[in-house]
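Asks: Sequence:
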Amino acid sequence: MNKLVVGAGIVVVAAAAGFYYANMQAEDAIKQQIETANQSYAEMAATGLMPAISIGYQDVSANILTSSYSVSGIDVSIAGMGQVATIDKVTAVGLKPQGLSDKGSAELTGAKMAQPMLAMLPPEMSTFIEGLALHADYNYEYQPATGELYFSQVTRVNDEFSVAYNFSFAQMQELWAFARNMSEKTPAEQQELSMSDSYMNDVMANLVKGALKSGELVINNNGFIERLVAMGSAQGQMPPFDALQGMALMAVSSDEKLPLALKETLTTFINQPEKLKVTVNFAEPVSFAAVQSGELMTELQTPEQMIEFANLKMVAN
0 MNKLVVGAGI VVVAAAAGFY YANMQAEDAI KQQIETANQS YAEMAATGLM PAISIGYQDV
60 SANILTSSYS VSGIDVSIAG MGQVATIDKV TAVGLKPQGL SDKGSAELTG AKMAQPMLAM
120 LPPEMSTFIE GLALHADYNY EYQPATGELY FSQVTRVNDE FSVAYNFSFA QMQELWAFAR
180 NMSEKTPAEQ QELSMSDSYM NDVMANLVKG ALKSGELVIN NNGFIERLVA MGSAQGQMPP
240 FDALQGMALM AVSSDEKLPL ALKETLTTFI NQPEKLKVTV NFAEPVSFAA VQSGELMTEL
300 QTPEQMIEFA NLKMVAN
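For the sequence shown, position 286 (counting from the first letter as 1) is numbered 285 according to numbering that gives the first Met the number 0, and the numbering increases by one without interruption.
Hints listed in this document are in silico derivations from the structure and should not be mistaken for laboratory results.
These numbers were taken from a predicted model, which means no experiment stands behind them.
Don't be surprised by glycine CBs; every beta carbon is placed ideally from N, CA and C.
Each hint can be trusted.
Pair ranges (Cβ atoms, derived):
no. : residue 1 : residue 2 : range
1   : A233      : P50       : 29 to 35 Å
2   : A113      : T35       : 19 to 25 Å
3   : L120      : P238      : 19 to 25 Å
4   : P143      : L64       : 22 to 28 Å
5   : K102      : A45       : 36 to 42 Å
6   : R179      : L120      : 41 to 47 Å
7   : E273      : G79       : 39 to 45 Å
8   : G79       : V314      : 44 to 50 Å
9   : K184      : E273      : 43 to 49 Å
10  : P238      : A163      : 25 to 31 Å
11  : E34       : A113      : 20 to 26 Å
12  : K184      : S253      : 50 to 56 Å
When you get a sec, could you build the whole thing from the sequences and use the hints?
Replies: This is the structure we're talking about:
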């Protein structure tokens with residue numbers, strides 16, 4: 000046999016073995032993260048800070064070439080109650096076991112309330128909730144050269160309802176450096192720091208150095224709101240849909256501070272709740288420090304000034 004062919008074959012086998020080993024190492028790191036989380040939940044439960052939550056799973060897979068990792072067959076349990084929720088799969092792309100990628104995404108598929116919890120509800124409500132599955136998609140991208148951060152999320156209930164939003168931030172270098180430093184620590188170190196008294200203060204101290212450039216919120220309803228209200232009304236927990244519509248319309252029409260254009264858009268959506276889109280696009284990034292200090296509000300005294308400053312747009316259906 001040609002020695003070159005044999006040599007190439009050895010290289011391929013060695014590369015495949017190395018790839019397999021690296022994937023196994025990544026999978027073990029994710030399993031360790033879950034185990035550390037469960038230990039932390041148990042410790043907090045022992046001190047009375049939270050219920051005794053535990054997370055289980057059926058499988059963990061990793062592909063270091065595509066930086067893709069997934070955990071499937073997830074169940075969430077609480078001591079004394081049993082299983083409370085299940086999730087078909089969580090997949091992350093761009094995730095590093097100990098590190099922070101400048102670009103990544105995550106997808107949660109098929110989150111449902113578990114049977115033990117459903118059994119505790121009234122029959123009609125249990126049937127309604129049993130047919131619901133929650134799905135979510137997250138995406139982010141950080142630009143090191145400019146310090147800009149883009150983040151988006153879409154959360155869906157079946158194909159009946161969704162809430163989507165995306166934001167564009169500026170001057171996020173300090174917060175990103177803080178997050179990167181945190182991500183490079185071991186799971187145990189991360190857990191210890193996140194539970195410290197100073198953690199949230201440190202997060203906020205770095206966050207206020209950033210600024211908001213633009214944002215968008217989109218609500219899509221395909222009959223879910225109507226179904227939800229009908230179920231709640233049948234249980235005697237809320238008024239019928241047309242009564243709620245009437246109350247919402249009255250609240251909008253009687254609000255003297257709400258500009259006419261926004262009133263008209265909200266009225267359209269309330270009468271026919273299908274899609275509502277709200278966008279803000281600032282001429283200059285708005286500093287979180289200015290918002291926190293109240294400095295910004297001294298310059299914006301009326302709703303019209305706020306709308307013009309944010310270049311706020313609202314569109315229905």
